[in-house]
Amino acid sequence: MELELAEEQQLVEEAQQGNLDAMRPILERYATPLYSTVILPRLGDAATAEEVLRDTLATAVEKIRRFTWQGKTIYPWLRQIAINKVFDVHRQAKRSRRLADAMVHEVAVVSDPESHADAQLIADQERAAHRERIAGTMDQLGERYRLAIELRLVQELSREECARRLGVTIGTFDVLLFRAVRAFRKQFGEAQ
Amino acid sequence: MIDDDSSVPDADAEPTPAELAHARRFAEVVDKTLLGRPPAAMSADDRALLEVATVIRAVHGNAELAAPARRSIVEDALRQAIGSASSSPSVVVPIARARARRWLPWSVAGATSLVAAAALAVLWLRPPAPVHEARLPDDQRSRSADALVGPIARERAGDASARIDEIFADRLDGFRARRLQGGKR
Numbered sequence: 001m002e003l004e005l006a007e008e009q010q011l012v013e014e015a016q017q018g019n020l021d022a023m024r025p026i027l028e029r030y031a032t033p034l035y036s037t038v039i040l041p042r043l044g045d046a047a048t049a050e051e052v053l054r055d056t057l058a059t060a061v062e063k064i065r066r067f068t069w070q071g072k073t074i075y076p077w078l079r080q081i082a083i084n085k086v087f088d089v090h091r092q093a094k095r096s097r098r099l100a101d102a103m104v105h106e107v108a109v110v111s112d113p114e115s116h117a118d119a120q121l122i123a124d125q126e127r128a129a130h131r132e133r134i135a136g137t138m139d140q141l142g143e144r145y146r147l148a149i150e151l152r153l154v155q156e157l158s159r160e161e162c163a164r165r166l167g168v169t170i171g172t173f174d175v176l177l178f179r180a181v182r183a184f185r186k187q188f189g190e191a192q
Numbered sequence: 001m002i003d004d005d006s007s008v009p010d011a012d013a014e015p016t017p018a019e020l021a022h023a024r025r026f027a028e029v030v031d032k033t034l035l036g037r038p039p040a041a042m043s044a045d046d047r048a049l050l051e052v053a054t055v056i057r058a059v060h061g062n063a064e065l066a067a068p069a070r071r072s073i074v075e076d077a078l079r080q081a082i083g084s085a086s087s088s089p090s091v092v093v094p095i096a097r098a099r100a101r102r103w104l105p106w107s108v109a110g111a112t113s114l115v116a117a118a119a120l121a122v123l124w125l126r127p128p129a130p131v132h133e134a135r136l137p138d139d140q141r142s143r144s145a146d147a148l149v150g151p152i153a154r155e156r157a158g159d160a161s162a163r164i165d166e167i168f169a170d171r172l173d174g175f176r177a178r179r180l181q182g183g184k185r
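Top to bottom, those sequences are chains A and B. Here the first sequence stands for residues 1 to 192, numbered as in the numbering used here. Here the second sequence stands for residues 1 to 185, numbered as in the numbering used here.
Some clues are possibly wrong.
To be verified - Derived contacts from chain B toward chain A, CB cut-off under 8 Å, selection only:
{"hint": "1", "residue": "Val8"}
{"hint": "2", "residue": "Leu49"}
{"hint": "3", "residue": "Val55"}
{"hint": "4", "residue": "Ala119"}
Said to hold, decoys possible - Covered stretches of chain A, as calculated for chain B (at least 3 residues, CB under 8 Å):
{"hint": "5", "segment": "78-85"}
{"hint": "6", "segment": "120-131"}
{"hint": "7", "segment": "137-150"}
Calculated from the structure, these hints are not laboratory results. Yeah, the Cβ is synthetic: ideal placement off N, Cα and C, and Gly gets one too.
One chain only, chain A, in its complex shape (with noise of 0.2 Å):
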């Protein structure tokens, strides 16, 4: 944590008494476990997500004022901000979006109000719990469908790597992945 809470809560009491550029340190350190964590797991669209963390930081020194500190890092109400804005983006959507409207439930996050550590430590819960609930949407899918999936999208191999591995040709492979995709899709929206 470059951080400290000490340090978080002079530049947040700095940014309400008026200097809201104190706000800049504590907006680029949290931008990145927004984005990553809350935010795109989400939405699944890298644009979209980006513009929902402008919104995100914009509205969060606009409101500064407001927030009241309790002894623990700013990012719990960071993020609270950020799933509202993301609420927003799906309630305006007008076409289904089943994972995402599965992606969008609150991950229960706990940690140590006391600790000045506990952003780190929320962001990591909260990954930690979408990676388990893929990992529980990938179980049920065909061996071959959860190979595809993990190959191309987890490690990021080329698809000729993929189909290298998996035994096929490229147009093979391409197949796979796209029937993968799509089984995962039904599946993580009827788990819910």
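Could you slot chain B onto chain A? The hints should help.
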């Protein structure tokens, strides 16, 4: 559109030509996305599947926010928030200030017109500057010939040419004197 309720074929099932084409198209979309260049336009089906793929990647830490993008987003957010905070008080302008702003152009135009009129009046009422005549000797100034000729007696009325010669000689003296002093012609 992808039907969520449709069953996904078994892994070993023979793909239809349509499925092959769709699978290849989706593979290319994933390719570009993994290279950090997701296509701007794609079908709703591909977008829905890409969202699934992105969620899986994000949860496994494969879709992190790049540092330049993070800095840019933070900067934009601060500018957006600080800009709106600093501009919000000026949205409502006090009535007195708004009236003052409305009359400002007319005030400037009136003051400018007054200054121009005063300048014209000063120019018009100012007395003319005194004319200084050049001080010249009498023999170089325009003058009557009476001093040379005097009253013409009846018996000398026919000597006009002699009188003209006399006047001409007198004027020529003045002319020569001026020329020899370096004066203008």
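A quick look at each hint next to the structure:
The criterion of a C-beta within 8 Å of any C-beta in chain A is met by Val8 of chain B, whose closest approach is roughly 4 Å, and the hint holds. Using the Cβ-Cβ criterion of 8 Å, the hint placing Leu49 of chain B at the interface with chain A is satisfied: the shortest such distance is roughly 5 Å. At a threshold of 8 Å, the smallest CB-CB gap from Val55 of chain B to chain A is about 5 Å, leaving the interface hint in force. Because the beta carbon of Ala119 of chain B sits about 51 Å from the nearest beta carbon in chain A, more than 8 Å, this interface hint is broken.
Judged by the Cβ-Cβ criterion of 8 Å, the segment 78-85 of chain A is not covered by chain B as claimed, because only 0 of its residues qualify and three are needed. With 3 residues bearing a CB less than 8 Å from a CB of chain B, the segment 120-131 of chain A meets the requirement of three and the coverage assertion stands. Interface restraint, the segment 137-150 of chain A with chain B: holds (4 residues with C-beta to C-beta distance below 8 Å; minimum three).
Hint check: violations occur at hints 4 and 5; the rest are consistent with the structure.
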